[in-house]
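These protein sequence lines are chains H and R, in that order. Here the first sequence stands for residues 1 to 326, where the numbers follow our numbering. Here the second sequence stands for residues 327 to 658, where the numbers follow our numbering.
Pairs of lysine-lysine, DSS-like flavour, derived with a Cα cap of 27 Å:
no. : chain 1 : residue 1 : chain 2 : residue 2
1   : R       : K613      : R       : K627
2   : H       : K307      : R       : K657
3   : R       : K657      : H       : K266
4   : R       : K592      : H       : K47
5   : H       : K307      : R       : K369
Keep in mind the hints are simulated off the structure, nothing from the lab.
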Amino acid sequence: MAKLNMVKALNLALHQEMERDPDVLVIGEDVGVDGGVFRVTEDLHRKFGGRRVIDSPLAEAAIIGTSVGMALYGLKPVCEIQFSGFAFQCFHQIENHAARYRTRSQGRFHCQMVIRMPYGGGVRALEHHTESEEQFYAHIPGLKMVIPSGPRTARGLLVGAIRDPDPVIFFEAKGLYHAAREEVPDEIETLPLGRAQVVQEGKDLTLIAYGAMLRVAREAAQVLQDEDGVEIEVIDLLTISPLDRETVVTSVQKTGRAVIVHEAPKSFGPGAEIAATIMEAAFLSLEAPIRRVAAYDVSFAGFAREKANVPDVARVVAACRETLAF
Amino acid sequence: MAQTKTITPATKIDADLARRLLSQMLLSRRFEEKAAEMYALGKIGGFLHLYIGQEAVGVGATSVLRADDYAISAYREHGHCLAKGSDPRRVMAELFGRRDGLSKGKGGSMHLFDKSKNFLGGHAIVGAHLPIAAGAAFAIKYQGGDQVVLCYFGDGAVPQGEFHESLNLAALWKLPVIYICENNRYAMGTAIHRALAQTEIWRYAETYGIAGEAVDGMDVLAVREVVARAVERARREQAPSLLEARTYRFRGHSMRDPSAAVYRTKEEVGREKERDPIKLFRERCLKGGVLTEAEIRTLEKEVNDLVDEAVAFADASPEPPLEWLTAEVYKE
Ligand SMILES: Cc1ncc(C[n+]2csc(CCOP(=O)(O)OP(=O)(O)O)c2C)c(N)n1
Ligand SMILES: [Mg+2]
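Please construct the entire structure, taking both the sequences and the accompanying hints into account.
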């Protein structure tokens, strides 16, 4: 057991999986000699060499396209895109190829690959470096979309993603990289994909969040408990797609109220899918309309106004109060 | 295809021109040195990529453009924008994220736009603005104009598909665009020989059958001469060019990256700094009797004052109002 921040926890997962399985390799811009912009791939090059830790030219379509080819023929690439905002340069390779080979070849080929990308706000960055685009990937059949909420879930989910036989988009909240340290076990720990976690039990309202928004949700739950005496159940989604419908629905059947929090713009975001799922399966348990606390429908906010765009504790508390008062 | 390795123009330098070139290079340099200080003080958010060391390229190239010609750039664009004539005060206000900035404080350092100066913007997605430059050139041609588009980009854009797509298309459609690669030998931490199968970037012009030239990017007059030829080709014959200006960034990739990180040595950086474009040009002007020490000191003083004013202006400008967060998404 060591106390690690999220960067170190991810780095540990990569080291251990590369040691365990010689078919796992890492590819991306500056992931090798330099150790990655956010240092997640630090020391891998030194330990495993340039054959397995590949510094690619600046060419996202080629990074993902060649990784698809590698995966079809048995390798397990873990790709890094420096910021999620650059992934549109390779979106066609992800959507048209990585996600579809299993279906296209009727199961004869598949892509066991992970595409890691930092996403989200909170570091006063500029356009293309602060957005949350999980909704694009969550919408694509054949892909899995994973977002850890801290060091321990990051480590466990990255191991799970590398071992998963299907392509996984793995988002890492930039704001969490150095935010907190957690006990992370030395021995390999794997978290299954497609499973949400109830991180705090409660009976009055279900608050659903993921990534950097989990901390916001938990703080809001604390405020509501301290100031209003209500008990909030908090769910950490962890995998956005495929959605763990059972955990969400079971919780709302108990509480009768739900609020969803995400950093992606509100319209057509993950909140819409989660709300529809609840409506379909728990309509008769609902005591109030489901609410979403999300970023506004703008493509980016600019660092001067970023704080006003990303959901904060006050906005989540307000939405919960309205839902509870309905 | 015309191609030059390095040229040392024999032409005698005109004093007015020398003053203009030196003063613009100094402005870019002082502006960014100040911006670096402001970044350290937390006044500038987001990222800050300094152009220090590369000033001769932007200044030399812009000096042969007409005011109605266009320029478009990547994210290391403060120098390009200032050279095109943008108000340093509004550029600094943009870096500060304030409402009087060129992009109303919502763009920051990488997204400077100035319609009044035909500066088509900074672009943070590496390689993505190259086809946009071709499109702007297409529009000029379509409308029967004789302006040209000058498109700056780094060596990092060369491995991107959009570089090759754009060169092919500009050649095929005969567009008045000048692609000028500022080859500073690194894309972030990746040295050019680790990213490109062909490191002589101007040679990609051969494949597409257009003019390609390499030039010493530390020599403002040499840059001027090469770009002037390309502008003529674009204006008269609507023929695109690929230019490679060999240069070096003295600072780190951004303010978050130390100047001599693991990917390059202190010695290398030190060696390159001896070819500081401002120092070289200054010495040349002094030696040739074009400018005196006193004249240069006056230029420096003027530039320092402009930069101080820019900082004061940026500091006094308010943050963008909250309502602007959701503005300008659609026509209102
Ligand atoms: C499509 C894309 N991929 C990656 C990045 C991250 N990135 C920003 S700058 C840069 C290096 C670019 O190098 P170069 O084009 O040579 O410009 P220089 O920094 O040397 O001016 C990288 C990899 C990006 N902005 N866009
Ligand atoms: Mg470069």
